[in-house]
Amino acid sequence: MIRLILPPHLRTLAHVGSEVTLDVEGPVTQRSVLDALEARYPMLRGTIRDHVTLQRRAFLRFFACEEDLSHEPPDAPLPEAVASGKEPFIVIGAIAGG
Amino acid sequence: MSKVRVLVGTRKGAFVLTADGKRDKWEVSGPHFAGWEIYHVKGSTADPNRIYASQSSGWFGQIIQRSDDGGENWHQPGTPPGEPLPQWPAKASNKFVYDASADTGKPLTTHQWYDGTQHPWEFKRVWHLEPSLKDPNTVYAGVEDAAIFRSTDGGESWKELSGLRGHGTGPKWQPGAGGMCLHTIILDPSNPQRIYIAISAAGAFRTDDGGKTWKPINRGLRSQYIPDHDAEIGHCVHHVAMNPKRPGVLFMQKHWDVMRSDDAGDNWKEVSGNLPTDFGFVIDVHAHEPETIYVVPIKSDSEHYVHDGKLRVFRSRTGGNEWEALTKGLPQSNCYVNVLRDAMAVDSLDKCGVYFGTSGGQVYVSADAGDSWNPIVRDLPAVLSVEVQTLG
Chain Y
1 MIRLILPPHL RTLAHVGSEV TLDVEGPVTQ RSVLDALEAR YPMLRGTIRD
51 HVTLQRRAFL RFFACEEDLS HEPPDAPLPE AVASGKEPFI VIGAIAGG
Chain V
1001 MSKVRVLVGT RKGAFVLTAD GKRDKWEVSG PHFAGWEIYH VKGSTADPNR
1051 IYASQSSGWF GQIIQRSDDG GENWHQPGTP PGEPLPQWPA KASNKFVYDA
1101 SADTGKPLTT HQWYDGTQHP WEFKRVWHLE PSLKDPNTVY AGVEDAAIFR
1151 STDGGESWKE LSGLRGHGTG PKWQPGAGGM CLHTIILDPS NPQRIYIAIS
1201 AAGAFRTDDG GKTWKPINRG LRSQYIPDHD AEIGHCVHHV AMNPKRPGVL
1251 FMQKHWDVMR SDDAGDNWKE VSGNLPTDFG FVIDVHAHEP ETIYVVPIKS
1301 DSEHYVHDGK LRVFRSRTGG NEWEALTKGL PQSNCYVNVL RDAMAVDSLD
1351 KCGVYFGTSG GQVYVSADAG DSWNPIVRDL PAVLSVEVQT LG
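Residue numbers (this note's numbering), protein chains in the order written: chain Y, 1 to 98; chain V, 1001 to 1392.
Calculated directly from the structure, the hints in this document are not laboratory data.
Since this is a predicted model, take the numbers as computed values, not measurements.
No residue lacks a Cβ here, since even glycine has one placed at the ideal position from N, Cα and C.
Among the hints, erroneous ones may be present.
Covered by chain V, per the in silico footprint, the following chain Y stretches (three or more residues, Cβ under 8 angstroms) [said to hold, decoys possible]:
1) 38–45
2) 57–67
DEER-style ranges, computed between Cβ atoms [as the list claims (entries may be wrong)]:
3) Y:I92 with V:R1378: 27 to 37 angstroms
4) Y:P8 with V:D1153: 23 to 33 angstroms
5) V:N1374 with Y:H71: 30 to 40 angstroms
6) Y:F63 with V:A1325: 48 to 58 angstroms
7) V:Y1225 with Y:A76: 28 to 38 angstroms
8) V:A1325 with Y:H71: 27 to 37 angstroms
9) Y:S18 with V:N1274: 32 to 42 angstroms
10) Y:T12 with V:D1228: 31 to 41 angstroms
11) Y:H71 with V:R1378: 42 to 52 angstroms
12) Y:C65 with V:D1115: 53 to 63 angstroms
13) V:H1119 with Y:F63: 25 to 35 angstroms
14) Y:F63 with V:N1073: 30 to 40 angstroms
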């Protein structure tokens, strides 16, 4: 079970609270976690990753385990603590402009 | 009893303002989509309960919202309200992909960037949503970087009318200060094949075959900020308006100059006349008097606030050239707001109501065609757009 924390505006779109839990099959990576998120909450498609390129939107960051994972390859394994559900994977808006 | 519903897009959400035909007591609903930029909200004339909204954010991109009950409840088309779908939908209401297909599109070209170099097309946001006059499920979207898209399934999916971007002059289009946006879409009620659009800064265009092919309609425009002042392309058209009862007669507020065309945009002539300044963004036409038009002059392109500290709507009853200042009820000192291009609308009651919103968050109404004004609300976030529906 993966724990994922969304920024407030995306919680509103998805009608969820601050943290969602996801079942991810296979390796736990940025891509597999976001695929699972968008499959369950299709209204979030295009808001975190570009529809076509699947690139992270420029003003969003990915944090976990006190590390910035934004620039890690999308298919790199996420930390074991995220894969085990001990720590959440955090999608957060960059502070720029906020 | 007739009723009006005013749809207001702001920098931080949408608001719905309603009143009966007297237009003196208002109910305010909102903010809807709080915290998001709402570039435009517009209702369908075929089904007034159907309303589309463009919701966007620099962080999260574009969202399309739709209401089927007059603005009380909203959802992203294709995603049912309430519980999320368990699987991927086949469509995506916020997916605006330029047509680069071999059959109907063109290889993605480039357009001119601010510094004169070429720059690839990149989708940023929807500036304007124009519902079909006949079918509530058909709606057009004007987007940045400039292109026009159409949905025929209530906003669930979008397809570019690529003949516009691909018709050949695209490399000469350039962004204005607000970006390279397609901000005006006018559907001709007498000819379903005819659509007018306008782009900052490329100019105005027209299709006579339902969007397959387009031609520039900028003859008569003069702009000092392009090397060839009367070039076919490159003019910063800020807004175009048409009285639907008299299609073919168009009024334009350009970066500088107020213009009119009596031949569906083939030729334009300046009608700025005695305006204190002919820079501005909004322009609109009285619902019942097709020679009565409204503008809000803005001091200059480097100052972007009203002239002389006075918020004045100027009205011409002669189709331009002769203008009168309308000031009753509007601040006449220490006022430095702007009125953006999509932030004026008229209702179709008798007398015609005129509405506009400001960068200071005020939305004003005149229930007597501009003779006097009252604020409906004074302290909204900066207003980006104002539309009105006349109901009952």
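Here is what the structure says about each hint:
{"no.": "1", "hint": "38–45", "verdict": "holds (count 7)"}
{"no.": "2", "hint": "57–67", "verdict": "holds (count 3)"}
{"no.": "3", "hint": "Y:I92 with V:R1378: 27 to 37 angstroms", "verdict": "holds, 35 angstroms"}
{"no.": "4", "hint": "Y:P8 with V:D1153: 23 to 33 angstroms", "verdict": "holds, 30 angstroms"}
{"no.": "5", "hint": "V:N1374 with Y:H71: 30 to 40 angstroms", "verdict": "violated, 54 angstroms"}
{"no.": "6", "hint": "Y:F63 with V:A1325: 48 to 58 angstroms", "verdict": "holds, 56 angstroms"}
{"no.": "7", "hint": "V:Y1225 with Y:A76: 28 to 38 angstroms", "verdict": "violated, 48 angstroms"}
{"no.": "8", "hint": "V:A1325 with Y:H71: 27 to 37 angstroms", "verdict": "violated, 57 angstroms"}
{"no.": "9", "hint": "Y:S18 with V:N1274: 32 to 42 angstroms", "verdict": "violated, 59 angstroms"}
{"no.": "10", "hint": "Y:T12 with V:D1228: 31 to 41 angstroms", "verdict": "violated, 49 angstroms"}
{"no.": "11", "hint": "Y:H71 with V:R1378: 42 to 52 angstroms", "verdict": "holds, 46 angstroms"}
{"no.": "12", "hint": "Y:C65 with V:D1115: 53 to 63 angstroms", "verdict": "violated, 42 angstroms"}
{"no.": "13", "hint": "V:H1119 with Y:F63: 25 to 35 angstroms", "verdict": "holds, 32 angstroms"}
{"no.": "14", "hint": "Y:F63 with V:N1073: 30 to 40 angstroms", "verdict": "holds, 34 angstroms"}
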